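> Each chain is listed here by its residues.
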Amino acid sequence: MTTIPFKLPFNIKLYRPVSPTGVWGWLTTVDHKKIGVLYGVTAFIMFLTGGIEAMLIRTQLIAPELKIIAPEVYNQLFTMHATTMIFLAIMPLSAAFFNFIIPLQIGARDVAFPRLNAFSYWAFLAGALIMKSSWFLGGSPNAGWFGYAPITSATFNPGNGIDFWIIGLQVLGVASLAASFNFIVTIINMRAPGMTMMRLPLFTWMTFITAILLILAFPVITVALIELMLDRTFDFNFFNTKAGANPILWQHLFWIFGHPEVYILILPAMGIVSEVLPTFSRKPIFGYPAMVLAASFIAFMGWLVWSHHMFTTGLGPIANSVFTLTTMLIAVPTGVKMFNWLGTMWGGDIDFKTPTLFCVGFMSMFLIGGISGVMHSFSASDYQQQDTYFIVAHIHYVLFGGSIFGIFAGIYYWFPKITGRMYDEKLGKLNFWIMFIGQNLTFFPMHWVGMQGMPRRIFTYDSGMGWAFWNGFETIAAYAIAFGVLIFVINMIKSWNGGKKAGDDPWDGRTLEWSIPSPPPVYNFRDIPIVKSLDDFWRTKQNSSNSDTKVKSKTKVTDIHLPQPSYWPLLVAVGLTIAGFGIIYNLLFTGIGIGIMLITVCAWSFEPVNEPDSH
Amino acid sequence: MFNTIKKFLPILLSLLFVIACGGYDGPQSTFDTHGPVAKEQADLFYLILWAGMVVLVAVELAIIYIYIKYRRKKNSARVPSQTHGNTKLEIMWTILPVIFLAIVSVPVLSAIWTIGTLPKNPDVVVNVHGHQYWFEFKYQDLDVVTANELHIPVGKKILINLYSNNVLHSFWIPKIAGKTDIIPNQGNYMWIQGDDVGMYYGQCAEFCGESHALMRFRVIVDTDEDFRAWISHQKSEAFVPNDPLEKSGYDIFMSSKAGCGGCHMINGSKKAKGKIGPNLTHFGSRQHMAAGILENNQVNLRNWIRNPDMIKPGNIMSGQAAVYMDPNKSLTESEVIALASYLQSLK
Chain D
1 MTTIPFKLPF NIKLYRPVSP TGVWGWLTTV DHKKIGVLYG VTAFIMFLTG
51 GIEAMLIRTQ LIAPELKIIA PEVYNQLFTM HATTMIFLAI MPLSAAFFNF
101 IIPLQIGARD VAFPRLNAFS YWAFLAGALI MKSSWFLGGS PNAGWFGYAP
151 ITSATFNPGN GIDFWIIGLQ VLGVASLAAS FNFIVTIINM RAPGMTMMRL
201 PLFTWMTFIT AILLILAFPV ITVALIELML DRTFDFNFFN TKAGANPILW
251 QHLFWIFGHP EVYILILPAM GIVSEVLPTF SRKPIFGYPA MVLAASFIAF
301 MGWLVWSHHM FTTGLGPIAN SVFTLTTMLI AVPTGVKMFN WLGTMWGGDI
351 DFKTPTLFCV GFMSMFLIGG ISGVMHSFSA SDYQQQDTYF IVAHIHYVLF
401 GGSIFGIFAG IYYWFPKITG RMYDEKLGKL NFWIMFIGQN LTFFPMHWVG
451 MQGMPRRIFT YDSGMGWAFW NGFETIAAYA IAFGVLIFVI NMIKSWNGGK
501 KAGDDPWDGR TLEWSIPSPP PVYNFRDIPI VKSLDDFWRT KQNSSNSDTK
551 VKSKTKVTDI HLPQPSYWPL LVAVGLTIAG FGIIYNLLFT GIGIGIMLIT
601 VCAWSFEPVN EPDSH
Chain L
1 MFNTIKKFLP ILLSLLFVIA CGGYDGPQST FDTHGPVAKE QADLFYLILW
51 AGMVVLVAVE LAIIYIYIKY RRKKNSARVP SQTHGNTKLE IMWTILPVIF
101 LAIVSVPVLS AIWTIGTLPK NPDVVVNVHG HQYWFEFKYQ DLDVVTANEL
151 HIPVGKKILI NLYSNNVLHS FWIPKIAGKT DIIPNQGNYM WIQGDDVGMY
201 YGQCAEFCGE SHALMRFRVI VDTDEDFRAW ISHQKSEAFV PNDPLEKSGY
251 DIFMSSKAGC GGCHMINGSK KAKGKIGPNL THFGSRQHMA AGILENNQVN
301 LRNWIRNPDM IKPGNIMSGQ AAVYMDPNKS LTESEVIALA SYLQSLK
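Chains as they are written, first to last, in the working numbering: chain D, 1 to 615; chain L, 1 to 347.
None of these hints come from the bench; they were simulated from the model.
All clues given are correct.
In silico lysine to aspartate or glutamate, DMTMM-like type, Cα no more than 25 Å apart, as pairs:
hint, chain 1, residue 1, chain 2, residue 2
1, L, K74, D, D508
2, L, K73, D, D504
3, L, K73, D, D508
4, L, K73, D, E425
5, L, K73, D, D424
6, D, K242, L, E136
7, L, K73, D, D351
8, L, K69, D, D349
9, D, K67, L, D309
10, L, K74, D, D424
11, D, K67, L, E210
12, L, K74, D, D349
13, L, K74, D, D351
14, L, K270, L, D251
15, L, K73, D, D505
16, D, K67, L, E295
17, L, K88, D, D349
18, L, K69, D, D508
19, L, K39, D, D387
20, D, K242, L, E210
21, D, K429, L, E60
22, L, K69, D, D351
23, L, K74, D, D505
24, L, K74, D, D504
25, L, K73, D, D349
26, L, K74, D, E425
Quick caveat: nothing in here was measured; it's all calculated off a predicted structure.
With these hints in hand, go ahead and build the complete structure from the sequences.
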């Protein structure tokens, strides 16, 4: 490992790593591909912990009146399960794809701000550790993932759990915001010549829209969390009902963030489906402009429907009618997407490999979640479904059958590109069928028990309620899902270590990432491609004769200029973590943490992007 | 193997659905309605359910058709025609759902106003107070206060005002009316009507803390006559019991050592004037105890008095009453038995 000196204005010499290896290489990396892998692996581990929490929840509910898990622990489990799956699993798993795939799809060497990108990952890791450490530091948050006031106040919740939740979410918000700015700038500025906005692959489009949603949505929850933090730590009265606060304020703030958040969770998965289906159908996406418009319209409408989460709070018939209509309207662009996917497959030559199966699974499950979503938009009848297992069924059909199936499709689809090796197709298909059947047997009966009057978030239920059979059934089916995930893990580990070599383009792909070696070299493209159409790589392949698809490059690899590693992003995140724990335990540490952040951010800004004489 | 699973999966799923829907209606079923509000809600649900089913079946059939028809044959090198879209089709599947939604929005909006418009002259007004973890019912103008068992007259419009001085709760009687949230510092309201005499289950539907799952209640729909009799009985005061065991329970209840009266009210008594816990004046006349989770009998009552935290973790009584907090003041077994007898004598 070599280092290069650089000078700060106050005359201290610091050294910058040039080509570190091993652990140090991962800690200081600014390569979007390595960061993508870090994101993916970390988020998948978080997905497993959230899954363990879910299994414990289901175990407690396997039969009525069980006492396997204490009520207080159960309440922490369902809070942490949802928080984990949303903020620590689905969002960062999508971010893993943003990181790895977007620069490859737009023909770029890296993202616009490589060090900021590294910082996003380290801040995400910090947030995840803060959130999860609550299990070992006196109890986790216990107020549900939307933490309705006033049960989150110090009066009703004196422990530390809610503080971990606040600080964890704040730090994760910082990570998400940094990443979103990065991807918006990357997608606008770093596109290869000829890659106009309407030639962007749809996954890149969905990332772009998701990043805009994130930037507009996260400030709202940030403000709400700061208010809650001030209430709890400094005795403010934003949500203190004893001092006259109206707790409905929290719900409005939370859902103005929370509904766009739902689309933040699903749009990347929709983007993945829009990549996989054309590739395996050997057809372009059906109605490309309509897909972009529909997603934009969904993102816009996402801001006009938040109160459908609050139909039972007494908003009155006028507000309920308005939010009923706006919510129903979202079904239209979502339907357009669904029909366009069908249109893409129609007449195609479809290879039902594992990624295709997961996409078809996505479509059929998301459809059920979409229809139950329209049911919820009927505010009058939603009075019966609100806060019941019917809602639990709905969110799992859209988030598990939807987002997670989409993400699994993406993992299988891009696995050869990321690792350079093929996954095991047999295990992949087995994984799909077990998860698909398990998901339906687990979550479909929840519609029924919900309509039978079973509220969500109850740690037990009376044996006389008629919910026992289906709850036992759901629990056993949930174990099947866990088994399916286990097969996935085995497949990944096995294939990553000893899978067949994949080659550059195993799927006969359509987009630019398939035109480069697998795994991609550190500089991605030896020559920046010139793009002439949508699905440019496919067009190139069709137009050229079979023997000579590749033109010999004249670029010398050593002439390619790449951003250099840096340890500052990691150190800023360390400061952030210390400051966060300080708010929970002792404000002195917050001061120290902020001090570290100030110094490291300054040092970061004085660090030259590249040493002129260093390759 | 996969092919067999694929073939039978839709059949299996629809079979499951039929079994589920044809199954038994439990005590909190939203399908078995006994009041106009729940009926309106169930009708609306069926409308969107069947409409949704049509879409569901159509799209899932299309997926299965595509799977069969357009599956890649082994080593096929067919390159299908590279269609980029079809404007007419796309306009059609944008406009048709809009028309469909416009049509179904008519019954939805009308139901919103039916349910959201309060009766002008309600027959009975009940102020419901949500506590951690039980419901208090105060009959406005009738001067009756009770807990966890709400009596209403059959076929009458009841106005429910919802209050909380602690956290959020939600008031829900699935067979009679969908839920409405109880929110501190913001009065909320709903109306209900029970069309058939009988006992109905209710449950708190908004997470409210450790024992949220155990916050339940009953609604008893009485004939007009029974309701009036019940009200006049509830207005009567409690007397000092004559039976020696019950009398000793009474003495313990009123003693400053046990301090029950600090939180519980017994109408007619000078010492039991508390307003924190449930009013116990007619406790013995209730069929259930501990917020609708246990039958009201000697065994359950003694267990409750001995250690309420075992039955309902996190309840305020076991966290604040001296008999549970201070080991010097804890109740002896004979005191528990006496207290239980006294409470059950409060008919």
